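There are 4 protein chains.
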Amino acid sequence: MRKAAHNCEGKMLRYLWKSLKRWRAIELGPIAQVFRLDRSTPVTRNGGRRVRQAGARHRRWLAIPAAPASQPYAPTGAVPAPSQPPAKELALIVGVGPGYGYALARRLAREGMAVVVAARNAVRLDTLVAQIESEGGTAFAYGCDATNEASVTGLFSHVAAQHGVPDLVVYALQSFGPGLTIDVEVPAFEEGWRKNCLGSFLVARAAARAMLLRERGTIILTGSTSSLLGRAGHLNLAVGKFGQRALAQVLARELWSQGIHVAHIVIDADIHEGQGREDGGPQSDPEHISETIIALHRQPRSAWSSELDVRPWNEQFWEHC
Amino acid sequence: MRKAAHNCEGKMLRYLWKSLKRWRAIELGPIAQVFRLDRSTPVTRNGGRRVRQAGARHRRWLAIPAAPASQPYAPTGAVPAPSQPPAKELALIVGVGPGYGYALARRLAREGMAVVVAARNAVRLDTLVAQIESEGGTAFAYGCDATNEASVTGLFSHVAAQHGVPDLVVYALQSFGPGLTIDVEVPAFEEGWRKNCLGSFLVARAAARAMLLRERGTIILTGSTSSLLGRAGHLNLAVGKFGQRALAQVLARELWSQGIHVAHIVIDADIHEGQGREDGGPQSDPEHISETIIALHRQPRSAWSSELDVRPWNEQFWEHC
Amino acid sequence: MRKAAHNCEGKMLRYLWKSLKRWRAIELGPIAQVFRLDRSTPVTRNGGRRVRQAGARHRRWLAIPAAPASQPYAPTGAVPAPSQPPAKELALIVGVGPGYGYALARRLAREGMAVVVAARNAVRLDTLVAQIESEGGTAFAYGCDATNEASVTGLFSHVAAQHGVPDLVVYALQSFGPGLTIDVEVPAFEEGWRKNCLGSFLVARAAARAMLLRERGTIILTGSTSSLLGRAGHLNLAVGKFGQRALAQVLARELWSQGIHVAHIVIDADIHEGQGREDGGPQSDPEHISETIIALHRQPRSAWSSELDVRPWNEQFWEHC
Amino acid sequence: MRKAAHNCEGKMLRYLWKSLKRWRAIELGPIAQVFRLDRSTPVTRNGGRRVRQAGARHRRWLAIPAAPASQPYAPTGAVPAPSQPPAKELALIVGVGPGYGYALARRLAREGMAVVVAARNAVRLDTLVAQIESEGGTAFAYGCDATNEASVTGLFSHVAAQHGVPDLVVYALQSFGPGLTIDVEVPAFEEGWRKNCLGSFLVARAAARAMLLRERGTIILTGSTSSLLGRAGHLNLAVGKFGQRALAQVLARELWSQGIHVAHIVIDADIHEGQGREDGGPQSDPEHISETIIALHRQPRSAWSSELDVRPWNEQFWEHC
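The listed protein sequences derive, respectively, from chains B, H, Z and F.
Here the working numbering is used: position 252 in the first sequence is 252, and no number is missing along the way.
Heads up: take any position in the second sequence, counting from 1, add 1000, and you land on the working numbering.
Heads up: take any position in the third sequence, counting from 1, add 2000, and you land on the working numbering.
Heads up: take any position in the fourth sequence, counting from 1, add 3000, and you land on the working numbering.
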């Protein structure tokens, strides 16, 4: 009896929440305020003590709150004095998670690059940074919501001020919620697009703006099987990943001639994250994918690539997400 | 002197407006309100006198304001009594503008279909409806903001109640604002995506939900060269159109087996809108494109097409927008 | 014991034949004669009594033996006097077999076109011609080896002399021998390419040469899933069909602006030939595919299509041959 | 007057030659001999003195004349005793010409690989071999007509006997004769296909057969813009290159799971051959393309690529041959 009441209550709450997440608009004459409620997205605030000491120049940025953010955070790793030029190449990976992002960061550090890793929750990246430093590498972790313009702009300002302009920027975020199209809710549809496409636009635009001054640099966008094929149940992923591929094509045509190498890597694979697939199927070792990222970054500019696929030797072709 | 002051004021206003259009978020504990200001989008309200008489059932829908909307509007054309089954096939075109949409509506009416045309400003469609009726056809105009979920849901409820479930739904909206990626502002980027992709999702999802009960119907999404190629300066168009193509692929795989024919038509052409191109170049006659829409709709189901291109005989291949 | 001897003999014969089928070259100074043995390909000779009466002009062609050919053959159906202009549109289908070719011929005849059907063995087409004529249509059968230049040139000369220039030419031949690449023998590899690609070149070139004088006409090349995807075990089919797709793209770019509509139809389906699939799976009714061929031929020229796919509503996408 | 006569004679000769190049067939009951005349293709015979000493095993191969061949030739470079295992990785490049092939050979040698280079005229490769050896590398030149089965089989037997199974095989041949489709002659059409497609099949099949025993190795097929796009005037190139791409896709699906990495590199560029383009346009440095060949060969097998493009940073996309 109580359970039935509880169920009913839960149903009403879900209905209410679904309704609150809908876009609404309040008309104010020729102007409208468009809004909806969403879950708060906690993003680590890049305002730790050590960073604040880095200079007054940085303070202005801190005044603009990057996003719905929470815990103050001191980026891990030694901060180099901004006045001296960076001795190492600098890589920035946005959307770093276990598996692909972690392995790429470690591999780039072993390649001799200073690595900035960014994720919404930068605290979680501390272990990664510690690990890289224990291996003799250089790494810094920052909080960033890649789907939020101010947060991305802030990240790039911060990185430029503290570490210089990145030589290599990788967008590593991917988001997938399966479901048939008729069942897909608008907030989920938009959320998928924001993570798979809008974020890559924000990051690539910021990277391009920074790199154009020096007329060099590499921007790599990470795609998947769903960048090329819209399969049943994969709407949320495919719409964003197709859009990201469009972005990669446009950027390559706009930026290559300015000296900036834009490339799109299509990962047609399940990526190993320290545990095997439930079905025991084949997986790509993210360190192996990283070899190809490095090869792309190292390509001499008379023979650049704009797109390539990767998958394990023992995997079916184009059967993945 | 006054001009300089005026310029300066204009600059400040533009800066202010640009800033107001940015997404902001107010945190309310675990929940955040995400909002930004936008220009008010006037959408014709489908609440005219004649329609309101159509039944109490409709009233509930009217109570939910579809979108930032303005002038009340009585849909043009005779409304059939909802109780009697529709004698004609019913077509619904969303995003009807001069050129493609207008010609398609006229052509479908001549084919013997009752045609519902929807655009943000339904008042502008009165002439089209009158023209179709003067040619002996049947047409109705409705206001709908295709990028607004409530507006699209409302349109389909209304059409279902007044005219029945459409046999053919065509998404005809396209939006393009040229510009290099580094100069593209987030609101323009999102706006392009909403018109080129989100709208087609909302319309196709509503169409699918309605058609699934009868296990038949045709949904056609209108793409362009930028559905296949991301060219320099075409970011806003390509990101949305690539996404719409993903949607078309996913929908075809999900809906064909339910009896619903989903097809993607790639218009690699400038469309004639009553005036020639400035450069005197070749154009597609939209009535001619309509022949192919009809052929797709008429395809027997053991040999359906999912994608095709159209362009004039004297046009370059894949050189268009 | 005898069986073993027999086996051994068979093995030797197979080995010998395999060896004889290999290309050889005899050098004659700066010139070489390239040759190999092959099975004789019997092609119906279009030299029946009625045709020979048609005029001295034709005799010259008859003097050039079309190909390794055999039985003399009088084309079925009444031959119109070549002096009077054709009252009906004329269609020519090359590579007519049960299923697709047969159904297309019948459907085009019902559409009011005079239909010329060509296959290596024209005698087998008599029933088809009789059937079309019993339905009130007009049809003629000719022998032609589509992979042999003289045979194709001869066919077109003959058709031009007897029936006029075709308005629609369809290349309908497909050949597939499965097998892993390491096991594929050169003669089989070449044979697949000749039927799937060389033949379509010969036919399309002859059609283009004839149509260019009138600046109108439609050429349709028939492709399959393997025109787009090279799948394991499908080498012989895919190499030819990819090549044919290249031909279709080149031809469209060269001929559209001359008024000739070239289109490539990708049949991603098993085609019904009067009996269901062994696995009970879905099939395309070839009459239904023919509807799309007609729609392509009827497209007004300001909105031509260059490529489209067809498959049954209940079939998987791109899982076919 | 004499000139006119000369012209007339030339015309007759051209006509005669064109006619002799046509395929003919002599019927011998159920068997036919298919033949045509062609220019003799001189291929360096790999039967030099030093090689003949290498063992009786080799003699059987020499007994089968590889192709219309001419001058006996001793492969350049020191021949290692076949009994000792190769200390270095072995690369084999077939279709080596100035530009791409030359640079790739030098680059692979600098990478520490023993390099076997093959072309029809192996004598011309002596300078290349000498250059590589002067730089401390190891190289051998062989004569091979890549479009001739016996010649390719012979090359692989010879290489296996003398140097071992190659770790990396690159098919580097490309042939292009421009022209509108209606003007393309069958021998030219076939010749283009033989060089761009049949040869890559022969080489890849031989490589696969050799590599399968060891379950490792890399096969790289070299494509161009015309592997993806059939442009006006590019028939002969596109038909073969599309076909080669089909081969690459089929091979990847068949061989990856056997441990053999097959990849297709699409060179969308003009390649520098020691002199700039006539129009001063951008060119790819073939040494730079070689970096990507090496990167492909070095990819760890949990993240292999099957296809990628290369072009200069300052080149238009997909505007090349």
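Since the hints were made in silico from the structure, they are not lab data.
Worth double-checking, as some hints may not be accurate.
[Said to hold, decoys possible] Derived CB-CB ranges, DEER-like:
no.	chain 1	residue 1	chain 2	residue 2	range
1	Z	Lys2018	F	Gly3177	51 to 59 Å
2	Z	Gln2258	H	Arg1301	29 to 37 Å
3	Z	Arg2214	H	Glu1278	44 to 52 Å
4	Z	Glu2273	F	Gly3276	57 to 65 Å
5	F	Pro3178	B	Gln316	34 to 42 Å
[To be verified] Stretches of chain H that chain Z covers, calculated by requiring three or more beta carbons in the stretch to come under 8 Å of a beta carbon on chain Z:
no.	region
6	1120-1128
7	1258-1270
None of the values given here were measured: they were computed from a predicted structure.
C-beta atoms are modelled at their ideal positions from N, C-alpha and C, and glycine is treated no differently.
Verification of the hints:
no. : hint                               : result
1   : Z:Lys2018 to F:Gly3177: 51 to 59 Å : violated (32 Å)
2   : Z:Gln2258 to H:Arg1301: 29 to 37 Å : holds (36 Å)
3   : Z:Arg2214 to H:Glu1278: 44 to 52 Å : violated (33 Å)
4   : Z:Glu2273 to F:Gly3276: 57 to 65 Å : holds (58 Å)
5   : F:Pro3178 to B:Gln316: 34 to 42 Å  : holds (39 Å)
6   : 1120-1128                          : violated (count 0)
7   : 1258-1270                          : holds (count 3)
Checked against the numbered hints listed earlier, the structure breaks hints 1, 3 and 6; every other hint is satisfied.
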